[in-house]
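Got chain A; can you put chain B on it based on the hints?
Protein chains: 2
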Amino acid sequence: MLNEYNCWLQERAIQEAPALRLNSVCVRGEGAVTEQAAEEFRLGVKRLMGFSPAICYCGECTSEYSGVFLGTIDKLSGEYKLSSEKLKDGGFLIKSWENYLVIAGQDEAGIMYGVFRFLSLLAQGKADSAMEIKDEPASPIRMINHWDNINGTIERGYAGPSIFFNNDKIEYSKERVEDYARLLASVGINLISINNVNVRFNARYLITEEMLPDAAGIAAIFRPYGIKMMLCVNFNSPMIIGKLPTADPLDASVIDWWKKQTDLVYKYIPDLAGFLIKADSEGQPGPFQYGRNHADGANTFARALKPHGGLIIWRCFVYNATQDWRDWSQDRPKAAYDNFVPLDGTFDENVILQPKWGPLDFQIGEPVAPIFGALKKTRHIMELQITQEYTGQQVDLCYLPWMWQYIMEFDTGHGSDSCIKDLVNSYKEGNSFIEGFAAVGNVGLDNNWTGNTLAQANLYGYGRMIWDPSLSAKEIAEEWSILSFGHGAAAEKVVQLLMGSYQTFEKYNAPFGVGFMVNPGMHYGPNIEGYEFSRWGTYHRADYKAVGIDRTSSGTAYTDQYSPGIAAMLANPETCPERNILFIHRLPYDFKMKNGETLLQNIYNSHFEGHDEVEAMIEEWKSLENLLEKDVYNSVLARFQRQLMNAREWRDQINTYFFRKTGIADKKGRKIYE
Amino acid sequence: MLNEYNCWLQERAIQEAPALRLNSVCVRGEGAVTEQAAEEFRLGVKRLMGFSPAICYCGECTSEYSGVFLGTIDKLSGEYKLSSEKLKDGGFLIKSWENYLVIAGQDEAGIMYGVFRFLSLLAQGKADSAMEIKDEPASPIRMINHWDNINGTIERGYAGPSIFFNNDKIEYSKERVEDYARLLASVGINLISINNVNVRFNARYLITEEMLPDAAGIAAIFRPYGIKMMLCVNFNSPMIIGKLPTADPLDASVIDWWKKQTDLVYKYIPDLAGFLIKADSEGQPGPFQYGRNHADGANTFARALKPHGGLIIWRCFVYNATQDWRDWSQDRPKAAYDNFVPLDGTFDENVILQPKWGPLDFQIGEPVAPIFGALKKTRHIMELQITQEYTGQQVDLCYLPWMWQYIMEFDTGHGSDSCIKDLVNSYKEGNSFIEGFAAVGNVGLDNNWTGNTLAQANLYGYGRMIWDPSLSAKEIAEEWSILSFGHGAAAEKVVQLLMGSYQTFEKYNAPFGVGFMVNPGMHYGPNIEGYEFSRWGTYHRADYKAVGIDRTSSGTAYTDQYSPGIAAMLANPETCPERNILFIHRLPYDFKMKNGETLLQNIYNSHFEGHDEVEAMIEEWKSLENLLEKDVYNSVLARFQRQLMNAREWRDQINTYFFRKTGIADKKGRKIYE
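In order, the protein sequences belong to chains A and B.
What the first sequence shows, in our numbering, is residues 54 to 727, in sequence order.
What the second sequence shows, in our numbering, is residues 54 to 727, in sequence order.
Any given hint might turn out to be false.
[Unchecked claim] Computed cross-link-like contacts, DSS-like style, restricted to lysine-lysine with a CA-CA straight-line distance of at most 27 angstroms:
no. : chain 1 : residue 1 : chain 2 : residue 2
1   : B       : 359       : B       : 141
2   : B       : 598       : A       : 720
3   : A       : 598       : B       : 721
4   : B       : 598       : B       : 724
5   : B       : 598       : A       : 724
6   : A       : 179       : A       : 139
7   : B       : 683       : B       : 99
8   : A       : 527       : A       : 179
9   : B       : 724       : A       : 598
10  : A       : 598       : B       : 645
11  : A       : 598       : B       : 720
12  : A       : 645       : B       : 598
13  : A       : 222       : A       : 320
14  : A       : 598       : B       : 598
15  : A       : 313       : A       : 281
16  : A       : 179       : A       : 148
17  : B       : 222       : A       : 222
18  : A       : 721       : B       : 598
[Stated by the list, open to error] FRET-style restraints, in silico, Cβ to Cβ:
no. : chain 1 : residue 1 : chain 2 : residue 2 : range
19  : A       : 379       : B       : 429       : 51 to 61 angstroms
20  : A       : 342       : B       : 587       : 32 to 42 angstroms
21  : B       : 643       : A       : 335       : 38 to 48 angstroms
[Said to hold, decoys possible] Looking from chain A toward chain B, a few residues come up when the C-beta cut is under 7 angstroms (computed):
no. : residue
22  : 582
23  : 586
24  : 596
25  : 597
26  : 706
27  : 713
28  : 714
29  : 716
30  : 726
If you're looking for bench data, these hints aren't it; they were derived computationally from the structure.
The C-beta atom is built at its ideal place from N, Cα and C for all residues, glycine as well.
Looking at chain A on its own, in the form it has when it is part of the complex (with noise of 0.2 angstroms):
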């Protein structure tokens, strides 16, 4: 049965055993990452098999003795006929003949992904005496942002409090924090920031002596398992703990004291990533204050960490929140692009954007910002969102590798071979590419780490979508249910929930890729008008006739943005993807839609279909009972009877709300409330 806990490493006997000889493994090489690998595949095999396999160190048994080597390509290739062509950075081979097992990786870490995936396969009934595996990781770069308060609290977590922090110090569970960085090192990640990037309260302290051991204690759990770790800073902390007039980055004793501030982390954590930071944003500090530019702030921290081999990553989720509503040519979508692409080339080698995956705010229906393809000349990553902010918040089910095999597959229009996958980490004439991804993790210390169990589907889809862009979403969910359900009727149907999810989230939330109808501040259920007058550039301006943004060339030009053919292709509401048709155009009501229908009775018809939606997902899911563990059934139960009360009174809502403004009624004559 499933043991919420272990997620996709169920312990949970394989059904028909491989003829591989597991109960012996040699480890050829050494290190502490190697180590962890080895023991990994000890763990592993114990949990599928039922027996721990002896794990040798000496480094010259034969194959008489053992039938499992361990180790990196360059010490097992020549001795086992691997290729010696050189992968990415975490690239492994798995091979297996007759009862033999070989699985070597590019590096330390690539022994760990190769174990992983090994243990993988075994679990899904695809391990044989026939493999022979070669896989890499797309991109460098594959990151888990933690908004994780220094008082335990999470921004945006819906899985109960910090796994790292607590009363306002770092304090945590040191088998909860192992058993996380083994659950990210599964899939393939290998950078973590541990706190908010509004870094505020006792967390501005935690690059001083006071709490720089207990970071370094944290470090050190993930190290054995190839995640390096990153801290978020403060842009003021040099007046904040240097006590210094000012936070100019281009001032002297600011340089100064950043290089100081630096090495003395560095000597506590000599093998940090570096630095994230949120600058000129949301009431963050940053180098406006100064009149300096991003490019001045973010060269200044790159400089005291390139010594060490630190990187600074950047967020490009940049605005004043000076925006008014009264006028409609601002528009925040187009802050990043703004911001960002004039300083393309003027950021030192070090440093590295992060925008994110959209222009706005991880709304549903946005489409890919414009920033991507567009920058030539700089280090960038993207940011995706595993928590669901603005997707559910972990009680409604909302599966989003749906949604990134949607960004992977975004075309850009920069160049050929365009598309935001084949940006990942691969040069295209005249585009900079995309070295990896962050995305805000969302696990707390709820004993399933996820809130809904089923949304550990995202954390997991994540790390395999970012390790190779080109997997689907469906492949994503087939592995996932295995892992977690076992094979059968349950992983089966979890697959088809999981699938559908998406797009019925979608069909009861804002319409059409609107944005912004949910509550302020919390995020959560329906408030259609409640950023309608906001300072934050969140408008859909419905009125009698019409409702959405022109972001048009004849309105805020937003689409000029794009490479030409994107923004023609966006900017006509014939060709303009309809998930996204009302964030690009105003229009009226009685806009005809491709399935020949109004936009309002399109409007209507989505409501009432997301809606019913869901109830057919719960019947779906009460057929489950006796295939599932009590607590897990009824826990997941509890939370799409939750969700089907969010979506009626998202569809009621949203369905009174434009009836109240146009008077007119659904076609089909379905009950909207007056």
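The following block gives chain B in isolation, referenced to the frame of chain A:
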């Protein structure tokens, strides 16, 4: 110049001293309140005339030695030929002739009130040698409710932290609390509850031995000012403190627990006025959870308090927040009447009900609640709100006595002479009278007590108006302005600003009584649909053709709760006051209002006017720059400027909202944003 801290008790030499011998005072009587009254006389004369009168308690001074005689009427009437007519408690006589002055109270408190009245007249230049004044308070209960939390915050407080609490305990400056007691006594307040009616966290233990000594310390400060204290208690105390398994008010162990706990409380504070409770409302526990009604609940407290002469004040702001916006038949404004009128006559004699003045929640443009005049056999008081929760939060100038005058003059239609002010402590055939008032206070630790210095007028005005409900808002404004600013142009201008302020605020607020277009939670600034789909029963249901709630018998039948004549008047849109019209009626936008314009055009007009009136107020204020203390001038100006921004948001958001709904432009062509 004005010292904000001293409010209406300024230290300022009067222009022309009356020909009275104020330098020597003989006190004919004894007791703490009498002595404090004499001390207040001394302090007041010192403040206004610069010398400190001698106070003599020999009881035998002749007019040779003393010019001033203070005491109770029974002690002084014979000697000084005063009327010996019995006045209400707290009543007083002031008599002057030649250079003598007598201030005689019906009781000790009456001496205090007489002294403060004399000092007020002295400061206003109205004291002379031919005074013959008789005055008495309209009603016996003149209360301030503090919504102060035990952690030092104040629910709906806009003037700094609590003057009573900090850090989960009672913590205060004795001097500050005594100065507060003086201010309250000077306008006739005689009862105060110090803790929030939402009794949470450590405040639940105020009635235990751990905290009672500190609570008794506060009672001791108020005592010599003739002000008694109440404590707010949590209905679940028998479970929380007593560890009983139930708080069922009819359970013998609960009845016994309350008796014993009340006995304990009175050991520490023998003259405690009693308990105040909010039950079964907004999450607070109450009798409903045990299937009991409010009388069952209140009477259990009443019986525990009775041996000590204590009262239980039971708030009528009761509801369980289960309203569904889809259901047009539910109507929260009916709750107080529905809950309490059927129980009329079933409450013990020391139970006092406390309904809010309006049926919904202290909103601009509500009519007076129908429960007043309908309660025939139950003691009750009316709850007002001095703190400006919905009326500008002490940023916007909003002189509340203007509205209280409207309330006092509201005719309930129950019998003859049935205006609220007629019902105050004055028995009418078939009605129970209103025994007084409670109001949520507006002070905090800000140096000027009330955030906005001009908001001191609301605290002053509350005391004055409930002492004498026949006073006009204008008379009170004149008194307060002269007392605060001295005679002259500043005081005259301030009267003018105060008197226009309420109507100005009303003009740019939610239109014509429709209510609840504020930001949820904070209740500040416009959010037109912020509560439109909430569970709190706060809807305006604007659509493309109409706005407002039909609360007549064709709708929710709320108006049927009024006496027949008033019900008929309200139910007819031709006779319903336009201030309340959208509270009672659902009207099409082209409804013709009394000025011949449509409803929609009136909405536009009032919002443009309200905004422009704030601009004019600022110009008026600026004309006082050279007449005012710089700090006061600037701090009030800064608030006016924030008010203007608020008024602009209200104007533009409201106008845009209705323009978007209707597409009908302003007749006068003023700018309405799309």
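Hints versus structure:
Of the pairs offered as hints, the one joining residue 359 of chain B and residue 141 of chain B holds, with about 23 angstroms between alpha carbons and a cut-off of 27 angstroms not exceeded. Between residue 598 of chain B and residue 720 of chain A the CA atoms are separated by roughly 21 angstroms; this keeps the pair inside 27 angstroms, and the hint holds. Between residue 598 of chain A and residue 721 of chain B the CA atoms are separated by roughly 23 angstroms; this keeps the pair inside 27 angstroms, and the hint holds. For the proposed pair residue 598 of chain B and residue 724 of chain B, the alpha carbon gap of about 22 angstroms is at most 27 angstroms, so the pair holds.
Between residue 598 of chain B and residue 724 of chain A the CA atoms are separated by roughly 20 angstroms; this keeps the pair inside 27 angstroms, and the hint holds. Proximity of residue 179 of chain A to residue 139 of chain A is assessed by CA-CA distance (about 26 angstroms); at most 27 angstroms being required, the pair is judged to hold. Taken as a hint, the residue 683 of chain B and residue 99 of chain B pair is honoured in the structure, with Cα atoms around 25 angstroms apart against an allowance of 27 angstroms. Of the pairs offered as hints, the one joining residue 527 of chain A and residue 179 of chain A holds, with about 17 angstroms between alpha carbons and a cut-off of 27 angstroms not exceeded.
Restraint check: the Cα-Cα separation between residue 724 of chain B and residue 598 of chain A comes to about 20 angstroms, which is no more than 27 angstroms; the hinted pair holds. Between the alpha carbons of residue 598 of chain A and residue 645 of chain B the distance comes to roughly 25 angstroms, so the proposed pair stays at or under 27 angstroms and holds. The suggested pairing of residue 598 of chain A with residue 720 of chain B holds, with an alpha-carbon distance near 21 angstroms, which does not exceed 27 angstroms. As the CA atoms of residue 645 of chain A and residue 598 of chain B are separated by approximately 25 angstroms, the hinted pair is consistent with the 27 angstroms bound.
For the suggested pair residue 222 of chain A and residue 320 of chain A, the alpha carbons sit about 20 angstroms apart, so the restraint of at most 27 angstroms is met. Distance check on the hinted pair: residue 598 of chain A and residue 598 of chain B sit about 14 angstroms apart at the alpha-carbon level, within 27 angstroms; holds. Proposed proximity of residue 313 of chain A and residue 281 of chain A is supported: the alpha carbons are some 22 angstroms apart, at most 27 angstroms. Distance restraint check for residue 179 of chain A and residue 148 of chain A: the Cα-Cα separation of roughly 13 angstroms lies within the 27 angstroms cut-off, and the hinted pair is therefore satisfied.
Taken as a hint, the residue 222 of chain B and residue 222 of chain A pair is honoured in the structure, with Cα atoms around 26 angstroms apart against an allowance of 27 angstroms. Under the criterion of a C-alpha separation no larger than 27 angstroms, the hint pairing residue 721 of chain A with residue 598 of chain B is consistent with the structure, at around 23 angstroms. Between residue 379 of chain A and residue 429 of chain B the beta carbons are some 54 angstroms apart, a value that agrees with the proposed interval 51 to 61 angstroms. Between residue 342 of chain A and residue 587 of chain B the Cβ separation comes to about 39 angstroms, which falls inside the hinted range of 32 to 42 angstroms.
For the hinted restraint 38 to 48 angstroms between residue 643 of chain B and residue 335 of chain A, the CB-CB distance of approximately 44 angstroms keeps it satisfied. Given the 7 angstroms rule on beta carbons, the hint for residue 582 of chain A holds: about 4 angstroms separates it from the nearest Cβ of chain B. The restraint placing residue 586 of chain A at the interface with chain B holds, with a minimum CB-CB distance near 5 angstroms, inside the 7 angstroms limit. Given hint, residue 596 of chain A at the interface with chain B, holds; its Cβ is 4 angstroms from that chain's nearest Cβ, closer than 7 angstroms.
With 7 angstroms as the threshold, the beta carbon of residue 597 of chain A comes within range of chain B, its nearest partner Cβ sitting at about 5 angstroms, so the hint holds. Hint on residue 706 of chain A holds. Least Cβ distance to chain B is approximately 5 angstroms, under the 7 angstroms limit. With its C-beta approaching chain B no nearer than about 4 angstroms, residue 713 of chain A sits inside the 7 angstroms limit, and its interface hint holds. Evaluation of the residue 714 of chain A hint against chain B yields a held restraint, the C-beta minimum of about 6 angstroms falling below 7 angstroms.
A hinted interface residue such as residue 716 of chain A counts as satisfied when its beta carbon comes closer than 7 angstroms to some beta carbon of chain B; here the least separation is about 5 angstroms, so the hint holds. Satisfaction of the interface hint for residue 726 of chain A is found here, the shortest Cβ-Cβ separation to chain B being roughly 4 angstroms, below the 7 angstroms cut-off.
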